[in-house]
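Taking the hints into account, I'd like the entire structure generated from these sequences.
Same order as they appear, the protein sequences are chains W and C.
Per the UniProt record's numbering, the very first residue in the first sequence carries number 1; after that it's consecutive.
Per the UniProt record's numbering, the very first residue in the second sequence carries number 1; after that it's consecutive.
Hints listed in this document are in silico derivations from the structure and should not be mistaken for laboratory results.
Careful, some of the hints might be misleading.
Copies of the same chain look alike in the list, so a pair counts if it works inside one copy or between any two.
What the hints assert, rightly or not - In silico SDA-like pairs for lysine to any residue, Cα to Cα no more than 25 Å straight-line:
1) Lys24 - Arg74
2) Lys23 - Glu77
3) Lys24 - Glu75
4) Lys10 - Ser76
5) Lys10 - Glu77
6) Lys23 - Asp53
7) Lys10 - Arg103
8) Lys10 - Gly49
9) Lys10 - Arg95
10) Lys10 - Trp51
11) Lys10 - Glu48
12) Lys10 - Tyr112
13) Lys24 - Gly73
14) Lys10 - Leu81
15) Lys24 - Leu81
16) Lys10 - Phe25
17) Lys10 - Gly65
18) Lys10 - Ala109
19) Lys10 - Gly83
20) Lys10 - Glu75
21) Lys10 - Arg38
22) Lys23 - Arg56
23) Lys10 - Val27
24) Lys10 - Arg64
25) Lys24 - Met9
2 protein chains.
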Amino acid sequence: MISLSEASMKTLLADLPEDLPEKKFEVLLETPSFRLERILSKGHATPEGQWYDQERNEWVLLLRGEARLEIEGRESETHLLPGDSLLLPAHCRHRVNWTPDDRITVWLALHY
Amino acid sequence: MISLSEASMKTLLADLPEDLPEKKFEVLLETPSFRLERILSKGHATPEGQWYDQERNEWVLLLRGEARLEIEGRESETHLLPGDSLLLPAHCRHRVNWTPDDRITVWLALHY
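The following block contains the structure:
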């Protein structure tokens, strides 16, 4: 977490690991009203039959890589490329169906 | 502004104008505790002798393009490239010294 004493810089596309056995969550900022995270995936998907069903709204932005998400009740998958953002209202059930397994996918997520 | 009734997608690197006479601010999300904006620059810089001095903390992420910022009291400029984030605490005086004038620079800014 970044201290608030002075201006500080962080490169979100650097220090990407070669191997990533588990999806990795890193908190960038946290206040009582929101949490900003960097998430790294490499071939990770939500386990079969599971859905995210969250108490808070989530806004995600894909920074690098690629992802296919499924939103409950929608026929077609949502395909995210770098620069694509998606607002998932609280309790909008969704799952990550696919991320590429040959490179790191970098997400920014704002939970609020 | 995005409605919260259902999941919605927005591409932050699309619909970039060819010409940009003024720096452009677009609110992506706003709550009582934060405001998330997309900012577009093309050759824009803070006018000579002026500084930003803000009541709230600002976290910025450069998504495309390039920028050089000056932070009061620091000798060297801060150079931002895509993926670079910078936390500017409230009242940390800063200015944008330069953005390229041959392409659009896209920023994400979270004021909180």
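Hint-by-hint comparison with the structure:
Proximity of Lys24 to Arg74 under the C-alpha cut-off of 25 Å is found in neither arrangement, the shortest distances being 27 Å within a copy and 34 Å between copies. In this assembly of identical chains, Lys23 and Glu77 lie within 25 Å of each other by CA distance solely inside one copy; the values are 21 Å within and 35 Å between copies. Taking the shortest alpha-carbon separations for Lys24 and Glu75, neither the intra-copy value of 29 Å nor the inter-copy value of 36 Å comes in at or below 25 Å. Only between protomers do Lys10 and Ser76 lie at most 25 Å apart by alpha-carbon distance; the minimum there is 17 Å, versus 36 Å within a single protomer.
Taking the shortest alpha-carbon separations for Lys10 and Glu77, only the inter-copy value of 15 Å comes in at or below 25 Å, while the best intra-copy value is 32 Å. Within a single copy, Lys23 and Asp53 get their C-alpha atoms as close as 18 Å, which meets the 25 Å cut-off; across copies the closest is 38 Å, which misses it. Proximity of Lys10 to Arg103 under the C-alpha cut-off of 25 Å is found in both arrangements, the shortest distances being 21 Å within a copy and 24 Å between copies. Taking CA atoms no more than 25 Å apart as the test, Lys10 paired with Gly49 passes in neither setting, with 36 Å inside one copy and 27 Å between copies.
For a Cα distance limit of 25 Å, the shortest separation of Lys10 from Arg95 across copies, 18 Å, qualifies, whereas the shortest one inside one copy, 29 Å, does not. When the C-alpha separation of Lys10 and Trp51 is checked against a cutoff of 25 Å, the pair qualifies only between copies, where the shortest distance is 22 Å, while the shortest distance within a copy is 31 Å. When the C-alpha separation of Lys10 and Glu48 is checked against a cutoff of 25 Å, the pair qualifies neither within a copy, at 35 Å, nor between copies, at 27 Å. Proximity of Lys10 to Tyr112 under the C-alpha cut-off of 25 Å is found in both arrangements, the shortest distances being 22 Å within a copy and 18 Å between copies.
With identical chains, the CA atoms of Lys24 and Gly73 are never at most 25 Å apart, being 28 Å at best within one copy and 36 Å at best between copies. Taking CA atoms no more than 25 Å apart as the test, Lys10 paired with Leu81 passes in both settings, with 22 Å inside one copy and 11 Å between copies. Taking CA atoms no more than 25 Å apart as the test, Lys24 paired with Leu81 passes in both settings, with 19 Å inside one copy and 23 Å between copies. Proximity of Lys10 to Phe25 under the C-alpha cut-off of 25 Å is found in both arrangements, the shortest distances being 16 Å within a copy and 23 Å between copies.
With identical chains, the CA atoms of Lys10 and Gly65 are at most 25 Å apart both within one copy (19 Å) and between copies (17 Å). Taking the shortest Cα distances, Lys10 and Ala109 sit within 25 Å of each other both inside one copy (16 Å) and across copies (14 Å). For the identical chains of this complex, Lys10 and Gly83 are neighbours both inside a copy (19 Å) and across copies (8 Å), given an alpha-carbon limit of 25 Å. Taking the shortest alpha-carbon separations for Lys10 and Glu75, only the inter-copy value of 19 Å comes in at or below 25 Å, while the best intra-copy value is 38 Å.
Taking identical chains as interchangeable, the C-alpha atoms of Lys10 and Arg38 lie at most 25 Å apart whether they share a chain (11 Å) or sit on different chains (19 Å). In this assembly of identical chains, the alpha carbons of Lys23 and Arg56 lie at most 25 Å apart only when taken from the same copy (20 Å versus 32 Å across copies). Taking CA atoms no more than 25 Å apart as the test, Lys10 paired with Val27 passes in both settings, with 12 Å inside one copy and 23 Å between copies. Proximity of Lys10 and Arg64 under a CA criterion of 25 Å is satisfied in both settings, with 16 Å inside one chain copy and 16 Å between copies.
For the homomeric pair Lys24 and Met9, the shortest alpha-carbon distances inside one copy (20 Å) and between copies (23 Å) are both at most 25 Å.
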